[in-house]
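Place chain C on chain S using the hints.
Those protein sequences? They're chains S and C, same order as listed. Using my numbering, the letters of the first sequence map in sequence onto residues -15 to 99. Using my numbering, the letters of the second sequence map in sequence onto residues -9 to 104.
Hints are supplied without guarantee of correctness; some may be wrong.
[Unchecked claim] Covered stretches of chain C, going by a simulated chain S footprint (3 or more residues, C-beta under 8 Å):
| id | segment |
| --- | --- |
| 1 | 3 to 11 |
| 2 | 38 to 48 |
| 3 | 78 to 89 |
Worth flagging that the hints you see were computed from the coordinates, not collected in a lab. Yeah, the Cβ is synthetic: ideal placement off N, Cα and C, and Gly gets one too.
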Amino acid sequence: DQQVKQNSPSLSVQEGRISILNCDYTNSMFDYFLWYKKYPAEGPTFLISISSIKDKNEDGRFTVFLNKSAKHLSLHIVPSQPGDSAVYFCAASRLYGGSQGNLIFGKGTKLSVKP
Amino acid sequence: DAGVTQSPTHLIKTRGQQVTLRCSPKSGHDTVSWYQQALGQGPQFIFQYYEEEERQRGNFPDRFSGHQFPNYSSELNVNALLLGDSALYLCASSFVDRPSYEQYFGPGTRLTVT
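Bound conformation, chain S alone (with noise of 0.2 Å):
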């Protein structure tokens, strides 16, 4: 059973506009909830994060809200740029012994951005 789903596959969007890509979850307990970046060939790279306790975290260009009532979240990328397109992955973390668990990962957005 997953507990951290991507439902879109895959997203295109011309480059300047908004970027809006989603990702549910099943356990209320999650703590922490994090955004990468994949690249082909290359590792995921850490893009932002948010804790539970929160509802809005912001970095640059990159914004995550966090609907724990509904238990989604999305990443918004304003203005979107080419070098944007990549693969994103949402993934979430529980404590564990009070200290960093394991991520649990969706499968991931392909998002295309056109010039």
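Chain C only, in chain S's frame:
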């Protein structure tokens, strides 16, 4: 400052063989986690090592084992390889006592089992 490094980059093995993958964490990090990424899927957690011990384990059989050395580097061993073990194996490093801190990933080792 070198990030997470993994070796080898690619590996081809025959069913039934054994394989060892290696990982060096980002400087200063004390925790190493291993993930398996099958084609079209997100990474799946295998296990995490801290202070040379397996701290947490995902839903993988005992054929998957690991080790962490005093310098924090780590190995992943897979015995009796199956065709289904073909995947990208990712190593990630982090600080165990900073739960909000992201895990840094290496480029991965692409394992093909024939």
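Verify this for me: three or more residues of the segment 3 to 11 of chain C with a beta carbon less than 8 Å from a beta carbon of chain S. Result for this restraint: violated, n = 0.
Has the segment 78 to 89 of chain C got at least three residues whose CB is nearer than 8 Å to a CB belonging to chain S? holds (count 8)
Quick one: see if chain S covers the segment 38 to 48 of chain C, three-plus residues with Cβ-Cβ under 8 Å. holds (count 4)
In summary, the one numbered hint that this structure violates is 1.
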